[in-house]
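S.K.: Given the coordinates of chain E, work out where chain C should sit on it, guided by the hints.
Chains E and C, in that order, give the protein sequences.
Letter 418 of the first sequence, counting from 1, is numbered 418 in this note's numbering, and no numbers are missing.
Letter 430 of the second sequence, counting from 1, is numbered 906 in this note's numbering, and no numbers are missing.
For the record, the hints were derived by calculation from the structure and aren't laboratory data.
For glycine and all other residues, C-beta sits at the position ideal for the given N, C-alpha and C.
One or more hints might be untrue.
[Stated by the list, open to error] Result set (SDA-like, lysine to any residue): computed pairs, CA atoms no more than 20 Å apart in a straight line:
(1) C/1096 <-> E/434
(2) C/1022 <-> E/433
(3) C/1038 <-> E/447
(4) C/997 <-> E/434
(5) C/560 <-> E/186
(6) C/995 <-> E/186
(7) C/1022 <-> E/318
(8) C/990 <-> E/433
(9) C/759 <-> E/186
(10) C/1035 <-> E/450
[To be verified] Far from chain E, by Cβ distances over 12 Å, these chain C residues were calculated:
(11) 564
(12) 777
(13) 992
[Stated by the list, open to error] Pairwise CB distance ranges (calculated):
(14) E/174 <-> C/1052: 38 to 44 Å
(15) C/668 <-> E/196: 53 to 59 Å
(16) C/944 <-> E/215: 54 to 60 Å
(17) C/978 <-> E/174: 57 to 63 Å
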Amino acid sequence: MSRIFSYDDTIAAIATPLGPGGIGIVRVSGPSATQIYHRIFRQAHPTRRVTSHRLTYGWVFDPSTGKDVDEAMAVLMKSPASYTREDVLEIQCHSSPALLHKVLEVCLANGARLAEPGEFTRRAFLNGRIDLSQAEAVLEITTARAELAGRLALGHLKGFFSREVEGLRRQLLDVLASVEVAIDYPEEDMEILGEARLIEVLESCIRPRILNLIKAYGRGKVAREGIEVLIVGRPNVGKSSLLNAMACEDKAIVTPVPGTTRDLIEAEIDMEGLAVRLVDTAGIRTDPDPVERLGIKKIEERLHGAAVVLWVMDISTPVDAEDLSVGKALSPLQEEKVLIVFNKADLIDQNPEAVAQERMKTIREGLNRIKRYSYLCLSAKKGLSLDRLSQAIRQGVMSDHSEVELEIAPNLRQKRALDEALRSIDRACNALDQGLSPDLISIDLKDAILALEGVTGEDVTEEVLDRIFSNFCLGK
Amino acid sequence: MSVFPKEYGVIVVGAGHAGCEAALASARLGIETLLLTINLDCIAAMSCNPAIGGLAKGHLVKEIDALGGEMARNIDATGIQFRKLNTSKGPAVRATRAQADRLLYRLRMKKVIEGQKHLDIHQAMADKILVKGDIVKGIRTNTGEEIHSTCVVITTGTFLRGLIHIGLKHFPAGRMGDPPSNRLSKSIAALGFEMGRLKTGTTPRLHRNSIDFSRLEVQEGDTPPTPFSFRTTAISLPQRPCFITYTNDETHRIIDQALGRSPLFTGKIKGTGARYCPSIEDKVYRFPDRPRHQIFLEPEGLDTAEIYPNGIATSLPLDVQIAMVRSIKGLENAQILRPGYAIEYDFSDPTQLNPSLETRLVHGLFFAGQINGTSGYEEAAAQGLMAGINAARYCLDQAPLVLDRSQAYIGVLIDDLVTKGTREPYRMFTSRAEYRLLLREDNADVRLTPIGRDIGLIDNEAWDIFKTRRRRLEEALGLLKGIKIAPSASINEWLASVGSSPIPQTTTLFSLLKRPEIKIKTVEGRFEEVKRFPPEVLDQLEIETKYSGYIERQELEVKKFKKWEAMLLPEDLDYRLIPGLSNEIVEKLSRQRPVSLGQASRISGITPAAITAIRIYLKKTMG
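One chain only, chain E, in its complex shape:
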C-alpha cells in the first residue's frame, strides 16, 4: 500500500545541501506557512507590511524561549504563485548544519511537520503545477552533478527519449492490431502478417531498438551519477599528491571533505563534464597491523564499486613486494578497470616510457598472471601528463558514448520498464515459435505496450509515482 500524503498540513525541510557554506535555506509549504512566519520571524522593521515575494530582513527566534536563533532573510510566496502552489515560506540563514536544524526545529514546533522525501515536488505535481516528466526532470536537474548529467536531463525534457519510446509503442500497437484484426475478423478476406513475419518484425525491428535504449542506460548512469575513481598503491608513491593534482588540474573541486573512515580521503571533481569522485586510500602494505588491516578491508569493499582503479607506483624505485601485494589485491577486478600510474616521472633521467615497460615486465612476472593492464607515466607534483590521465579515465568509462545516445538514456525506473517490455517481447516470440495461438500472443504484446506506457508515464500507477517521488532529495 502506498503512502498517502495529506494536503491540509504544512511541511518543512532544509532545502539546501548540508555542509559548510554561505547560505542555507529552510523551506515551509502549506496553509500554516504565513502563520509560522509571524510566529518565528521578527522583522528588523516591525511596522513594515509583509509583501508576497519580497525578501524581509530580521531574526528567526524560538517563541518558546524568546531567544534568537539566527539572523536571516525570509520570503513569503503566497499561493498559487509558488513552487507547490501552496503558501510557501523560505528562510535564508547561515549555513551551519546545527543552525539550520535549529531553525527547522522551530518551524516544526510551530505548526509544520517534517516533509517526506520529494514531498514539495509531489505537491507541485498534484497541484498541477508540473507534470510527471517535468517532475522527473526536476529530480535529475537538481541532482545533476555535472554538465553531462544536466545535458541528459535536458534531452529528456526536450522529449528525445519519449519520442523514441512512443515510436516503439506505435510499432508494437501496429503488430498487436494485426494480430487482433485476424482474431476479430476470421471470415474476412484480407492480408495479415503471418507468424514468420511477426517474429521478424519483433526480433529485427522492435527488439534491437529496445535493447539499444537499455544499453544506453549504463552510459546514462555514468553521466547521471558520475563515477568513482579509486587511488590505490603502497605508501609514499604519491597518491595524495595525485588526488590534489587532479583536483587542481580540473579546477573544479566540489567538496574535498574527509572520508567516512580515517583511511579514505574523497574529493569530487568535474572532469570535462563528467562527475568524478576521487577516493584516496591508505597505503597497502605487505605486513599490516590490525588497524591497517581494517583499512585494507575498507578498500576491498570499494574496489568493486569503483569505475576505475588507479594503481599508483613510484617509477623512480623498483617494483617491490609491497607493490605486488597491491597487485594481488586488484587481481579479482576486470583488467579494463585498472590503470597503472607510474608517478614521479620527474625524478628519473631516462625515458619514462622505457622504464615503465621494464617495470611492467617485473609486475607481470611478479603477479604470475597475465593481466594486460594499461599504464601511463606522469608527475603529480609537477603536473606532467595529468591531462592524459583524465583522457584515459573518460575513455575507459565512456568508450562508445555519443551524445545522441546519451539524450535517450533511460533512468533506472525507465530501464526496468524497458527490461519488462523486452521480456514480454521475448515471451511473445517464444510463444510464436511454439506455435501458440494469437489470443495468447496478444497478451504478451499488450504487456509489452503497457510496459512502454509506464516508461513515458502515460499509464503510471501510483506505485511508480511513489517510487519516483521518494527519490527526490528532502526539500526539493
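M.R.: This is chain C only, laid out in the frame that chain E set:
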C-alpha cells in the same frame, strides 16, 4: 386522455432484441411487465443480417444464456447453419455463429413472450415518457392513453426519428415498412438528455432462383452443429449452406461513378456510421487498392427465396444497386427483392447512464440497445437483459446487478458505454476485453450461471444442467490428476510417436496435458477412461490445463483491477473541493459521476495525477 386499466412494475418500449430480453427478464423475476411495440408482427425482427453470434457476439449470446436470457435458445431452435469460428486461433477467441430462419426466429420469440407469466403485450406507439420530479411514472401512447409504471425501459432501436435513405431520396421510417417514433425522441430530449445521430445500413435482398450457385464457393455449417445454449441438447432444423462470391473491378467502377448520387458522399447523411461495418461504397472509396471484396450469400430461411448478400450494404440508388449486383460472379441475373438502404436515427449519449443502465437524470428510466449507441442484435440483447433485470430489481428495492470487466463481455460492453461513450455505432470485439482469456464461450456458465441463479433467473432445470456440467468437469479433472504415468519404454515410445519428449519420472496425465503438443484428442486415443466425458467438458479441461500459465497471469491482473473497482466514490462527491483537479476534469467527473476510482480512471482525459488527488482527498475526508 384515458388511463390504462392496469398499472405495471416495468414497461418496455420496443420489442426488438433488447426489448424482448428486458421484458422476459423482468417478468421472469415476477414483476408485472408490459411490452409495447409499434407492430406485433415484428417482435424480435432481424432487420439486418439473418445471423446471430460471431466473434465476441457469440460470447455475448452465451453469457445471456448463462444468466437466464432467451436469445441463445431462440437461435438454437430456429438456426439453419451453425459454425465454430477461429478454432485454430486459440481458446479465448473461439466463437459460435449461426444463420437464422428469420421468420421462425421472430415467431418463436413471439410465442415465448405470449406464453410468459406476468408479461402483457400491447401494440401501440409510445409518444411521451411521464415523469414527476425526477422519477418516471409511465408513458403516454399515440392514442392518448397513459400507462403507469414504476420503471420504463426504452429499447427503440433505429426508430427514434428514423430516416431512410436510398440514393438521394429519403423518407421517415423506423425500419423499411414501419413508421418512425418522432415524438418519443423529442420527449427524451425534453427531459434533458444529450442526443446524437448515428447511421447504419443494410444490403439489398436477392431472389434465390435468380442466382447461379453452381459457380460459387460453398460454405457448409459444422456437423454436428454446436448449439449456443448450455440447455440445448440438439439442433432440430435442417441445415443450409452459404455461398461465397466477390466484387470485381467492374463492380468498383460502377460504384465509383455513382458516388455523386450517394447520400453518404453528397453529405445528405449526417449521422456517423461505423468504421468496422462500412457500406460497399465506403469500402471501395477507402481501399481503392483492394481488387475485390468478399460477399457471403446467406439464406434468410427455409421457406423463403430471399438471400442476404452479406458485404454489400449500400444506400446507392436502386439502378446502381442493380448494376452493381449484376456485375458480380453468380449474380449476373440476380433480381433484387428489396433494395438496400441506410437509416439515420437518434441515440442518447450513454455516459448519462449508471452502470445499471438506469439514467442519472430520471430515476426508474432505463435505456438499452441502439438508443445507447450500439449496433448488433447481441449487443442489444445483452443490454436489454441487464436493463430488464435492473428495472425489476428497482421495483423490488434491490441493489442493481452490475457485471464488471473481468466477469463478462456484458460487463465490458456496459462499462465502455457508460464510461467512455461512443461516437460511432459500438460493436463488441474480443480485443475490447482485457481479460479475454478468462471470458471464454466455454466457461460462460461457470462465470455467470451462479449469478443468474442468485438473482432468480435460472430455474431448477437449468440449474441442474449447470451443476451436472460442473460436476463432470471436476470429475474429469480428478481423473486426469489421478492417472499416474510411470516412465516406461511403451509410454515413451507413445510420447515420441506424438512428437513429445520422454518422461524422466512418474507424472500425471494432468501435467502431461500441459505440454503444447499433447492434445486431449491424443490422450483419448491411449487412455480409454477419458472418453466417457463429453467433448465440451474435455475441451474446457484442456484449455484450463494447457493455458494455466497465461490464465494465472490474467487472474493476477484481475486482482489489481478489482482493487480499484472496490474504491467507491460517494454519490454526492463535490469534485470542486478536491485540490489539484483542473476545471475540465472537475466538469467531466461531475457530469459522469463514476461509481469507483477504477471507473474514473477509464474516463478519457482523466489523468493518473487526478486519480491520485481524488484518492488523497477521500482518505483525508473519510479517514
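S.K.: Does the structure break any of the earlier hints, and which numbers would those be?
M.R.: 1, 6, 7, 11, 13 and 17
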